[in-house]
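J.: Residues per chain, in single letters:
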Amino acid sequence: MSNIDIKRISYLAKLKLPHEKEEFYANSLKDIIKWVDNLKKIDTSETEPLHNVTEKTVSIRKDEINKSNSVDDVLSNAPERAQNFFKVPKVVE
Amino acid sequence: MSDNWEMVIGLEVHAQLNTSSKLFSSSPNQFGSEPNENVNFIDSGMPGMLPVMNFACIEMAIKTGFALNFNINKYSVFERKNYFYPDLPQGYQISQFEFPILTEGFINIDNEGNQKKIRIERAHLEQDAGKSIHDIDPKFSFIDLNRVGTPLLEIVSYPDLSSAEEVVSYMSSLRQVLMYIDVCDGNMQEGSLRADVNLSVRKKGGELGTRCEIKNLNSFKFIRQAIEYEFNRQIDVIESGGRIEQNTMLFDTSTGETRAMRSKEFSHDYRYFPDPDLLPVNLTQDQIDKVKTSVGELPQAKLDKFIKDYNVDKDIAKIITVEKQNAILFEKMISETDIKPKFIAAWLVGDIFAFIKENNLEVSSLNEKTKEITDLLKLVSDDVISNKAGKEILPKVLNGQGKPSDIVKELGLEQVSDSGELEKIIDEALIGEEENISKFQGGSDRVLGYFVGKCLKATKGKGNPKLINKILLERLKN
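Protein chains in written order, with the working numbering: chain H, 37 to 129; chain D, 505 to 982.
So here's chain D without its partners, still in its complex pose (with noise of 0.2 Å):
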């Protein structure tokens, strides 16, 4: 059915920016506090308060500016957006409209291995509502203002996604981004990051239909399901004849559907005109100078780097970079040792990661244990100790139960890459091995196998295997 149709979809972002205060008022911008704790006249839209601009979400919309490719306007001007909800105390939302102070922007996404370039239209700064709490009593909304003045970003981009893949996609990497110049902490499901999808179908390649927009989706999972459920749903109206009417929509985590949510009786209409309270915003080449320095290394230059400069493979490079603190982490090691940043990186995503897990620790506790671990790692690429023993002392390194060196004299993991030894020991093990010698030199790789695991057998497992490998190879081609 949905063969001949397409989606066209436009996203609206809501990133809240990571300051210590609200946008316009003192009160602690902290998620998880005790109901209506974080509150003070100016959130709650107390007669005679004045709201004061908190410089610090201007830097960050700069630096949002400079990561995401947009102009930055020097001239933006705050809003009022007016409605009447009980969570908004002061009737009206402050926001950017007319001018905000964003404009044109882009981010290029990865789409099955494609770069494709989404524009982003605008971003915008304004504050956040509060929170209404319907399920506590049948008559009753329980209201809680805590959020209430909190700092967003609102970040609109063009109809340029045209799958769930793609949006996901787009939505994870701006979140790498704005986690990465530190301006969002990302956490989606305290909805720290949440986005309002706009969606139309149309004939492949035809004119654009009317669109809906589902709002408030904080999770990945809830974003996929909800465009799925509407697409057909779109399609099916049309299908039977109907019409798609421009409708906000709510989407039920629980049945996975969408449904209207407004009424529709009259259209929304929030009546902008520039708040009296707060002057326009006029900015100075040099302030928006100053915040450049601090945007630091964006996460796909740190990716083109770990492939171009470390020779990291491309999907590892791409574990690593998801999150900056894995790029911090890896980065520091290499710093500290002289080991191949390949071989770093594979311990990495690998048993460190799982250990990480396991423990369920910040990758940032390690930052202090780099030194511990460089060593491990040296004992284990010099050969010393054997791969498998490296994984054996690394919980036990990373736990802090001693120096790598000590804890493998200790367990007594050293390997022995005597030659002489091994000479003698691969020598013995040859012995009434006539048969299985004839195969090999008959061409029969997979006795190899069988002698190397029999000379480790005879090391008690510490001998180095690749010289066992190289040793043995010797004498059996002789």
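Just chain H, with the same shape it has in the complex (with noise of 0.2 Å):
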């Protein structure tokens, strides 16, 4: 099994975890994936990959305009709005 880069997947979850804590997570994430990989032990070989377990097709609509809130609903929950924006803090490449 790979080692668990605990930094990066903290990085890409975006979550901060304190340095004492990054062995307790690494080592619970490895006990998960250990798990999982006793999927690997089934032959698959000859089995077509499957995207869903439903047969059926993605549920469509057509194309056609409803409006079922305001701005204000959208913006009811932003944690700081200015004017009809979203205010957040600065982030800039």
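No wet-lab data here; the hints were simulated from the structure.
Just so you know, nobody snuck in bad clues.
Listed below are the simulated DSS-like cross-link pairs for lysine-lysine, each with C-alpha atoms no more than 25 Å apart in a straight line: (1) Lys585(D) / Lys126(H); (2) Lys913(D) / Lys900(D); (3) Lys126(H) / Lys719(D); (4) Lys796(D) / Lys98(H); (5) Lys861(D) / Lys907(D); (6) Lys943(D) / Lys974(D); (7) Lys98(H) / Lys794(D); (8) Lys126(H) / Lys643(D); (9) Lys123(H) / Lys52(H); (10) Lys585(D) / Lys50(H); (11) Lys50(H) / Lys643(D).
Between beta-carbon pairs, the in silico distance windows are: (12) Arg775(D) / Asn74(H): 13 to 23 Å; (13) Glu84(H) / Gly595(D): 25 to 35 Å; (14) Lys66(H) / Gly595(D): 20 to 30 Å; (15) Asn891(D) / Ile96(H): 51 to 61 Å; (16) Thr90(H) / Pro642(D): 49 to 59 Å; (17) Arg775(D) / Ile96(H): 26 to 36 Å; (18) Arg775(D) / Lys57(H): 16 to 26 Å; (19) Arg747(D) / Ala62(H): 29 to 39 Å; (20) Thr90(H) / Asn736(D): 47 to 57 Å; (21) Glu694(D) / Asp67(H): 49 to 59 Å; (22) Glu711(D) / Asp79(H): 33 to 43 Å.
Short derived list, chain H residues pointing at chain D, Cβ under 8 Å: (23) Asn88; (24) Ser95; (25) Lys103; (26) Val110; (27) Ala118; (28) Pro125.
No residue lacks a Cβ here, since even glycine has one placed at the ideal position from N, Cα and C.
Hints in hand, dock the two standalone chains.
T.: Here it is as structure tokens:
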């Protein structure tokens, strides 16, 4: 089994892990992966990949506009708003 | 310096589909609305909201498939591309990854008169992200989610392009086709069509180099500038002993320079996986066939037809076929009159387009006026009025100031095409011109122009120049 790069995983998940907890979480993740790895014991060389367990196709709708809410509804959960914008800490690449 | 080097370029073009509503929500797909006006709870990534596929997007993808010679895949899968950014409230972009709807297409582009086939690896449907505005406040970014969920078709070419000119030609051909089949409005300024350029350099014929990707170019000018700059930058790095690092670059439109964008600390890892909210797309042959009939005539077919069947010069035919509207107007005029298409084409790209440009009109606005236009052109081609008079009247006709024949009468612009009358005028004009006549008979053709001018003046410009020419020649030769 591959090693867990806990720094990288927490970076991708945008989670800040205290240094002393890194090992704990790395080990927890290792256990989970070990358990999931049991699936590898099954021989799937003759099996077509399946993307969904139902045989159905994606549900579709007609190309029609339906405005179901107002700007205020959408912004009501914004941590901060400025006029009709969401206001967030500066992000520039 | 750059003589031994060549560039290898592949393009990722994002085309916004011109549907009424978004890819997975019923919010309006509309540019220029007030901030966050076109946002519902699906777009803003509220928990528990489920995406529902807008079938018009699938149909537009299929249409593009036919137009760009793609394999149209009956089976395709939407996956989640995971990354965090404030203008992506879901925390992932729904896109197609392993099983795109279109694979292995191509388009023929024109490069300095030669045709070149550019292979296209794939095209897939995905959601657009929102817009972040960084320059209002020094400490905060402002987020407008209107664009979130706008349907995009991402068209990924093979690295078959080898100059800025080819890239521009490819991009404009693509734009032309997408506009002809009515899946994208082609408005680059509004971002409806934008390109990521993947560029690497190598010694001529040598091994492929490491590529850099320049993001989000939305004008032909910027594409050209960015390619030139990046080409030279990469050569500089290599020639001064450095190595090109695979990087995502931003093009600074104010300086004309590219610079690395993403932090290099960690390479991106999008952790794609099939979106559990969306079942795979399973198309039937019937659904695909139904779209085929709506593809219509493509620009290349129109161009060939105009040149071969209508005898229009290649350069003029190209101008007409650049935009579908032009071609529609042209063909409508042809269908309504027996004037030679070539004659109509010359007027169209000349005075008619000039009028449209001067008055800031849509070409399609003239579709209602084709009868008046062809009536006027008929008067010119039948020599009832001169070419010059036709040009003079055209704006009046297009402004709806009356029927061409009435305007001609009103302004007294009818040509004198009565040969008896013209003969009289010509005979008078030749009196006292013995010297010039003998010059002409001695071989000086230039004198003819002088005589034509003199006769035209005598008719106050209304004499039919062709007829004057003919009678003059008869008179002078005897």
